[in-house]
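Given chain A, work out where chain B should sit, using these hints.
Sequence lines, in order, name chains A and B. Taking my numbering, the leading residue of the first sequence gets 1, the next gets one more, and so forth. Taking my numbering, the leading residue of the second sequence gets 1, the next gets one more, and so forth.
FYI, nobody ran anything at the bench for these hints, they're computed from the structure. The structure displayed is predicted, hence computed values, not measured ones. Just so you know, even glycine gets a beta-carbon here, dropped at the ideal spot from N, CA and C. You may find that some hints are simply not true.
Distance windows between CB atoms, simulated [said to hold, decoys possible]:
hint	chain 1	residue 1	chain 2	residue 2	range
1	A	Leu454	B	Thr43	50 to 60 Å
2	B	Glu83	A	Glu340	25 to 35 Å
3	A	Glu166	B	Pro18	22 to 32 Å
4	B	Asp58	A	Gly547	47 to 57 Å
5	B	Ala30	A	Arg452	38 to 48 Å
6	B	Glu83	A	Arg193	28 to 38 Å
7	A	Lys285	B	Ala30	49 to 59 Å
8	B	Ala30	A	Gly513	45 to 55 Å
9	A	Asp551	B	Ala30	30 to 40 Å
10	A	Arg189	B	Ile87	27 to 37 Å
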Amino acid sequence: MLGTRVIIETLKREGVDLAFAYPGGQITPLFDEFYDERDIRLILPRHEQAGAHAADGYARATGKVGVVITTSGPGATNLATGIANAHLDSVPLVAITGQVPSPLIGNDAFQEVDVVGITRSISKHNYLVSSPGDLAFMLRAAFHIARSGRPGPVVVDIPSDVQRAEIARPIPDKIVLPSYQPNYEGNPRQIERIAGLINAASRPLLYVGGGVVGSEAADDLRLTAATAGLPAVASLMALGTLPFDDPLFLGMPGMHGTPAANRAIMNCDLLIAVGTRFDDRVTGKTESFAPLAKIIHIDVDPTSVAKNVRADLPVIGDAGNILRRLVPQLKKRERREWLEEIALWREESAALLGRQAASGLSAPRVVREMARLSRDLQPILVTDVGQHQMWAALHWEHRRPRGFISSGGLGTMGFGLPAAVGAQLGRPDSLVFCLSGDGGLQMNIQELCTVRRLDLPIKIVVINNGCLGMVRQWQEFFWGRRYSHVDLDDNPDFGRIAEAYGLRALAVNDGEGVSPALEEAIRHPGPVLVDVRVGKGDNVFPMVPPGEGLDRILLSAPPAAEGESASREAGAG
Amino acid sequence: MPAREKRHIISAVVENRPGVLARVVSLFSARGFNIESLNVGETENPRWSRMTIAVSGDDGIIEQIRKQLEKLVDTLKVGELSESARIERDLALIKLRMPPARRGEMRDLADIFRARVADVTERHMTVEISGDEDKIEAFVRLAAPFGIVEMVRAGRIAIKRGD
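Only chain A is shown next, with the shape it has when bound in the complex (with noise of 0.2 Å):
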């Protein structure tokens, strides 16, 4: 069989119906043999930094491994960016990339880069394909690896030579590891230490990751709060894993945290942490972070535990296997006194936020007009990253797990619009959301013409105040208001761009305006953009200034500082 063949039948194997893909040089024989494929749809991104993304988001809205295609050299660096970001998030991908004929590699040969050496720090493994009869085997394997344990992307560059060759060797079966065996079941003295633990604890709270949301562990995890009566917090990675409305439920902690959430991680004297890498975003000063709890670490990656946040209690596995076993162990006390406490934060968190969105035009109102008028329409909802990112997190009514996709470790600009398109691709019955900014959205505009040529009834939604909001904000707060490079008021009209695309344009410029635009694109069946015209000014409140512990909640802008040096200095850290 032709290599591209053993490409192609692998995909298959492994369940792959959809691919991003760029041509070029030294990938023309796989898309040559994908000319007479129907099996599996191929789809042109204009940027293979987008396909990256797209592939990304695809795989966060369906769990499924997402697979993208590109060629050597350019191709294969512009995915760079695309591969760190699914790294930091733990999301599945398969990067298939051709690299030049096998006697070429080492010769500076046009359009080669070393994609094994570059990927190495920034995917979860990858490989060469140096002999066509290993390439059944390690695409197997990439596809393995990038779901399994805790999931991340996996390279496999493959020369054209590879690709052309005639192979004998079979597709393999079964695929054995033995370097590579991820713990799933957890200790089953050390899941009893927990329950004691829960039992025992006055002041529990739980903290969910990202992990939760990768083990389709939701369930569980709605399961094991309710069943011990726990309070729980949310990573951004793992909004939705717990419905917002629950009454126990506080939302996200950290730099942009609820004060419920924060004041919760302070006051409880058990945390127990399921799936999650403690985020310095998170933790804010570790020293000062849960300074009264026994901390209980879950994690499938061992590396995760007691790296940044000591752990009282490690346990190694998978989050559902672990909580669907400790269930059974739980009781339920009463704690009357720490849930009082809890619904008082809870209440006044509310109406803190509540009150960002009360009136004129805002970005945290936008975000919630679009939850309210998308609540029956298994809506996902997308964001670029900056402070849209943020009020997205705050104001969305997160519901279920994938519906909400953000890029968290890597604060990757330009990943909205991308995310967004293999989102729809991956649900095409969701009513798909992107929120972007008016500088990501630059990052990744050319994929609006992805958008038109599929037809994605996608509904992109600008938060436009002219400028870098976030490092504005950072640069208003700590910096002494020396706004450095982050004006855009040279912005395009975002309208006529879509429209040049082919897509419908809205514009809203006051708070009256933000119902009726949404409702008609909503309402409309194709792909829209709504430029939403924001102030300048406006600022992510509540916010621990960087390097602070969680105690120390902003939610105004500090006053001016008096000298201006003294304020660099401050925000030096």
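Same frame as chain A, now just chain B:
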């Protein structure tokens, strides 16, 4: 003198394939861990190589290094060889300036340290010595007055003591 962090010896069995060494080394640099010495060689089974890595750090860092190494897809197992349970050896080749008249003196010194004379020329003598680090350093100190022209030291190897 600042308190030195404890020296640890980590022994990892990894796939004997191109690129695996680069993967391990780049893991160390990406995470900011410093390798003091590294030795790689085939094990009794040619599918696997053994890496013996000497690093210094507090227990938390060493634990992270171990776990990060274990996480690599190419790593079969990782162990730490504790000081009491390991035999470790360094190897050094030392080329000394050596007028013929002083050769006997050097040979006496080498005998005491169970070092071996590996090569003699009219002006030079090359001595091979293996042993633990302290022994090699003591020998180097005593040999230095002869004039060290060149010295090459191999990475540390270590093995767990028998039961």
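Status of each hint after checking the structure:
| no. | hint | result |
| --- | --- | --- |
| 1 | A:Leu454 with B:Thr43: 50 to 60 Å | 53 Å, holds |
| 2 | B:Glu83 with A:Glu340: 25 to 35 Å | 54 Å, violated |
| 3 | A:Glu166 with B:Pro18: 22 to 32 Å | 24 Å, holds |
| 4 | B:Asp58 with A:Gly547: 47 to 57 Å | 23 Å, violated |
| 5 | B:Ala30 with A:Arg452: 38 to 48 Å | 40 Å, holds |
| 6 | B:Glu83 with A:Arg193: 28 to 38 Å | 31 Å, holds |
| 7 | A:Lys285 with B:Ala30: 49 to 59 Å | 24 Å, violated |
| 8 | B:Ala30 with A:Gly513: 45 to 55 Å | 49 Å, holds |
| 9 | A:Asp551 with B:Ala30: 30 to 40 Å | 33 Å, holds |
| 10 | A:Arg189 with B:Ile87: 27 to 37 Å | 35 Å, holds |
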